[in-house]
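Protein chains in written order, with the numbering used here: chain W, 1 to 296; chain L, 1001 to 1388.
Mixed in with the good hints, there may be bad ones.
[Claimed, not checked] Below, a list of computed lysine to any residue pairs in the SDA-like style, where the Cα atoms sit at most 20 Å apart:
#1 L:Lys1250 with W:Gly211
#2 W:Lys50 with W:Gly119
#3 L:Lys1233 with L:Ala1342
#4 L:Lys1250 with W:Lys50
[To be verified] So the derived label-pair ranges between C-beta atoms look like this:
#5 W:Pro126 with L:Leu1097: 33 to 41 Å
#6 L:Gly1105 with W:Thr287: 43 to 51 Å
#7 L:Arg1164 with W:Asn278: 27 to 35 Å
#8 L:Gly1105 with W:Ala69: 28 to 36 Å
Hint data in this document are derived by calculation from the structure and do not stem from the laboratory.
If you're wondering where the values come from, they're calculated on a predicted model, not measured in any experiment.
Yeah, the Cβ is synthetic: ideal placement off N, Cα and C, and Gly gets one too.
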Amino acid sequence: MTRALTATFVVLIACGDAADRAGPDAAPAIDAGVDAPAGPLDIRIQFAPKVGAAAFACGQRYAAMGDEATAITPRDFRIYVHDVQLIREDAVRVPLVLVQDGTWQYQNVALLDFEDFTGGCADGTPETNTVIHGSAPAARYTGLAFNVGVPEAMNHVDLTAQPAPLNLTSLWWSWGLGHIHLAIVTHTEITVPEPATNDHYIHLGSLDCVGAPQNGETVACARPNRPYIELRGFDPTSHPIVADFGAVIARSKLTTSAGCHSFTEDTCAYPFDFVGLNWFTGSQTPTTQRLFRIDP
Amino acid sequence: MLIAGSLAWGACGDASSAVSADASIADDAPLAIDGGLPYVWDLPPGFPEPLVPANNPMSAAKVELGRRLFYETRMSANRTYSCASCHDQARAFTDGLARAIGSTGQLHPRSSMSLANVGYLGRFAWGNPLLTELETQAVVPIFGSEPVELGLMNLEAELVVRLRGEPRYPPLFATVFPDVTDPITVENVVKAIASFERVLISGRAPFDRYRNGDPTAISDAAKRGYDLFNSEKLECFHCHGGFNFQDVNKYVGHPTVEARFHNTGLYNLGGTGAYPAGGEGVYELTGIASDMGRFRAPTLRNIAVTAPYFHDGSAATLDDVLDHYAAAGRTIATGPDAGNGALNPYKDSLIVGFTLTADERAALHAFFDSLTDDSFLTDPRFTDPWRP
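Put together the whole structure using the sequences plus the hints.
If you want it as structure tokens, here you go:
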């Protein structure tokens, strides 16, 4: 089992390496292999936020959630993604060039914002974004790959001088001088010591960082905590990708207020598994990822 | 000259109604100087010029705007707190608490730090190697949620609306940031507050007068205390040296600094070297084992008025601090924090312990007292401008 997992991991990493080179190198290959390719496609990759099989909505009460089967209402559900790549049917990865919309997308980063600041969703904005909008050469695409989080080069800089969507104070770890890559937060119903709600946070961010950007040093983090996600066997230009709020907290003890701020083993080990990371080693574990999936 | 101009301008803003303030600012001579000439610091004798980020040049008007924002309760979500709530001038901009309490009542893991001479620091907070400028540090108390301090997380747009609603601010921001059409932004708020903090310079204590040539400025006991402080017996000066009694300073001519942090043997949980969770210092950011319990050496200026001491306020008095260093580390006999700090494997090698006679202890206190800068603690340029 361990060996099989390792093998999968190595293959995926190798793909990732190839993808890095795929940008400029891939273009001639496309030209050689396809007759007069059509102009770039305008592509809108759709995301469908869910809680298990149900639709995700602020203000909605979801019963029997987490390790203790407690009822929750959502507080936050937002995810930064970057380096989105379409996977062509011949397995070549093609970068999706993001539309620079001044709100949700900046350079190669996009923010997926599934909360609308109503009904207990208290950390975000009324506006939502469930789409990654970009362009890529016309081709038949059968998969999608992307990284969760804000890339390192943009992550450890002065928040107040950053453009949208990188300037949200509610997705900023000010003390760690970096962004919160992913926020999944619940109001959990509790009965002890008296009926109330307790907020349980899953905040994913880069840890173990050294370097001072203002001194011209690069901030490097031993635990970047940016899961690499790869989904195959669907048409990413037309078929939505499910983002499952409930899957990430499936084994969390939601009645505790501690939550996972990426530090602590007892609250982070399971949610890290479910976003595709090993909390103990910091490594990528794509086979344990449950946050994103393709429903028929 | 410039300082006088700045003061006069501040007084003018205080006294005027919103409309007349607008008119007076436009015609005010010191502000014209702001726009054309380099900022002139009011530095104590022997003090170097603070380094200023290229994208946030100093101006008297910006300092005054920052002062207003520093004392501004619109800067907290529930309008109860300003920066000054935890940074009280009379206590050298500390709060007298072991650990700070945020605007929503949340207990902070750290003790509020003095702001005296923060413009010279190479790193900020008690132990954060990533925070290297006041501009990035200021974001932490304003917007941070772990813990909540001012609690403006996710309220950056509302902050701008609130500030627009105070008649003094639009003309002030327009004067300070003349090149933009919409100057009331989070970025400019932070820049102005950082500029105010850079002028919080303390260097006119009795000890400074002594060092600058007045042998009568401090007592003989204080002089003996200073000699002890600098002795190889006590080793204090290694981490509390230089003009700011601190080991890492940057200034014009000395732009880059090493990040230095020290484990002083305050804790040693279970003999493993561990500090209590949430109070582990640089380790919390880097995850490097040897960073356990490492914190920044704070300035000793005004130290007699900034009790309690250490990152978690766990020493109530300077005598407790001296006892800790005399024992080469603190021993806690019982409870969850029990352990012999002197044996902490990550402890700084200069914490070696010493014995003090009663006379020596008194001399050290006299020296500490000579670092209290009353002119700083009462400087009218740093007081609350909203108070009539």
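Consistency of the hints with the structure:
no., hint, in the structure
1, L:Lys1250 with W:Gly211, "holds (17 Å)"
2, W:Lys50 with W:Gly119, "holds (16 Å)"
3, L:Lys1233 with L:Ala1342, "holds (17 Å)"
4, L:Lys1250 with W:Lys50, "violated (51 Å)"
5, W:Pro126 with L:Leu1097: 33 to 41 Å, "holds (38 Å)"
6, L:Gly1105 with W:Thr287: 43 to 51 Å, "holds (44 Å)"
7, L:Arg1164 with W:Asn278: 27 to 35 Å, "violated (48 Å)"
8, L:Gly1105 with W:Ala69: 28 to 36 Å, "holds (32 Å)"
Violation of the numbered hints given earlier is confined to hints 4, 7; the remaining hints are satisfied by the structure.
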